[in-house]
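**Q** Could you put the whole structure together from the sequences, leaning on the hints where they help?
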Amino acid sequence: MEYKTRIRAEKGKQELFITREFDLPLELLFKAYVEPELVTQWMGSRVVKLENHRHGSYQFETTDPQGNLHIFSGTIHEFEPEQKITRTFKMENTPFDVQLEFLEFEAISEDRSLLKMHVVYRSVNIRDQILQMPFAWGINRAHDLLQAIFNL
Amino acid sequence: MNLRRDVFQAIADPTRRAILLLVASQSMTAGAIAANFDTARPTISKHLQILTECELLQQEPNGREIYYHFNPKKMKEVSDFLEPFRELWEERFNKLETIMKKYKNKK
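Protein chains in written order, with the working numbering: chain A, 1 to 152; chain B, 1001 to 1107.
You may find that some hints are simply not true.
No more than 25 Å apart at the CA atoms, straight line, and that leaves these computed lysine-lysine pairs for DSS-like [to be verified]: (1) B:K1073 to A:K31; (2) A:K116 to B:K1095; (3) A:K4 to B:K1102; (4) A:K116 to B:K1046; (5) B:K1101 to A:K4; (6) A:K4 to B:K1104; (7) B:K1107 to A:K11; (8) B:K1046 to A:K31; (9) A:K31 to B:K1074; (10) A:K31 to B:K1106; (11) B:K1074 to A:K84; (12) A:K84 to B:K1046; (13) A:K4 to B:K1046; (14) B:K1073 to A:K49; (15) A:K31 to A:K49; (16) B:K1106 to A:K11; (17) B:K1095 to A:K84; (18) A:K90 to B:K1101; (19) A:K116 to B:K1073.
Short derived list, chain A residues pointing at chain B, Cβ under 10 Å [stated by the list, open to error]: (20) I7; (21) L29; (22) V34; (23) L38; (24) Q41.
Think of the hints as simulated: they come from the structure by calculation, not from any bench. Bear in mind the structure is a predicted one, so any value in this text is a computation, not a measurement. Note that CB positions come from ideal geometry on N, CA and C, so glycine has one too.
**A** So, in structure tokens, the structure goes:
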């Protein structure tokens, strides 16, 4: 099976690339990034603030199943409709420094589009930690499962 | 209690990942592997034991020495530790696509 989402993260670098082809016209893909209601639906986060213009800022928040509140925020540095968003991204109350994100939107055809994300981290170490987070969650889930079995 | 070792647990450790990378390029004895690390020899032995238990490494006697081989078949099960990160984005983007298709049809 061919994956639609591709990740490129070279060893020893503090950046990564995410590319994804969408079965959507460029207009709709871009809309998913700027309409708060739509952002909420696909990101699963509440949109507290989303100022879609140069020097604007944004803030999203989400509550995890344990009831903890997570806040994500950043500043928008470039905003070119249906072309480009450059912004910073920060997970509040985490040791991770702010990251820089370049989002580029392209039309492939009338009803297909491409998103290219280039993310730059403060250090190689931070990038690697963030890359491994979902992997670590997987391990924790496995641990929890084992624990649950032994506690029976 | 000796739990059955899990592959994911085995590669969660940075030293063990370094050992795997090392042995992947050529089979080595425990001594040769340990020479690449500042860590105490018994610690490396423990790591080798864990990697062997979960079959990421295989032991093969050669004369009086035991060589550790990398087992690519087992590693394939893990495929890549980037995979969970990729899946997370894939899931998110699939959702975006579904939601926007519905949005288009509603208009």
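**Q** Determine for every hint whether it applies to the structure shown.
**A** These are the hints, each one checked on the structure:
Between K1073 of chain B and K31 of chain A the alpha-carbon distance is near 44 Å, which puts this suggested pair outside the 25 Å criterion. Restraint check for K116 of chain A and K1095 of chain B: the C-alpha separation of about 17 Å stays at or below 25 Å, so the hint holds. The suggested pairing of K4 of chain A with K1102 of chain B holds, with an alpha-carbon distance near 20 Å, which does not exceed 25 Å. Simply put, K116 of chain A and K1046 of chain B have alpha-carbon atoms about 43 Å apart, too far for the 25 Å limit, and the pair is violated.
Of the pairs offered as hints, the one joining K1101 of chain B and K4 of chain A holds, with about 16 Å between alpha carbons and a cut-off of 25 Å not exceeded. Using a Cα cut-off of 25 Å, the hinted pair K4 of chain A and K1104 of chain B holds, with the two alpha carbons roughly 21 Å apart. Restraint check for K1107 of chain B and K11 of chain A: not satisfied, since their Cα atoms lie roughly 45 Å apart, outside the 25 Å limit. The suggested pairing of K1046 of chain B with K31 of chain A is violated, with an alpha-carbon distance near 53 Å, which exceeds 25 Å.
With a C-alpha separation of about 43 Å, the suggested pairing of K31 of chain A with K1074 of chain B is violated against the 25 Å cut-off. The straight-line distance between the Cα atoms of K31 of chain A and K1106 of chain B is roughly 15 Å, inside the 25 Å bound, and the hint therefore holds. A threshold of 25 Å between alpha carbons decides the hint, and for K1074 of chain B with K84 of chain A the separation of about 42 Å lies outside it, so the pair is violated. Note on K84 of chain A and K1046 of chain B: the hinted pairing is violated, with a Cα-Cα distance of about 50 Å set against a maximum of 25 Å.
At most 25 Å may separate the alpha-carbon atoms for a hinted pair to count; K4 of chain A and K1046 of chain B exceed this at roughly 40 Å. Of the pairs offered as hints, the one joining K1073 of chain B and K49 of chain A is violated, with about 48 Å between alpha carbons and a cut-off of 25 Å exceeded. With a C-alpha separation of about 16 Å, the suggested pair K31 of chain A and K49 of chain A falls inside the 25 Å cut-off, and the hint holds. With a C-alpha separation of about 45 Å, the suggested pairing of K1106 of chain B with K11 of chain A is violated against the 25 Å cut-off.
Between K1095 of chain B and K84 of chain A the alpha-carbon distance is near 21 Å, which keeps this suggested pair within the 25 Å criterion. For the hint pairing K90 of chain A with K1101 of chain B, the CA-to-CA distance comes to about 30 Å; that exceeds 25 Å, so the pair is violated. Taking the CA atoms of K116 of chain A and K1073 of chain B, the gap is about 33 Å. The hint is violated against a cut of 25 Å. For I7 of chain A, the shortest C-beta to C-beta distance to chain B is roughly 5 Å, which falls under 10 Å, so the interface hint holds.
About 7 Å separates the beta-carbon of L29 of chain A from the nearest beta-carbon of chain B, less than 10 Å, and the hint is met. The interface hint given for V34 of chain A is broken, as the beta carbon of that residue sits about 12 Å from the closest beta carbon of chain B, more than 10 Å. Evaluation of the L38 of chain A hint against chain B yields a held restraint, the C-beta minimum of about 7 Å falling below 10 Å. Taking 10 Å as the C-beta contact cut-off toward chain B, the hint placing Q41 of chain A at the interface holds, the least distance being around 5 Å.
In this structure, the hints that do not hold are numbers 1, 4, 7, 8, 9, 11, 12, 13, 14, 16, 18, 19, 22, in rising order.
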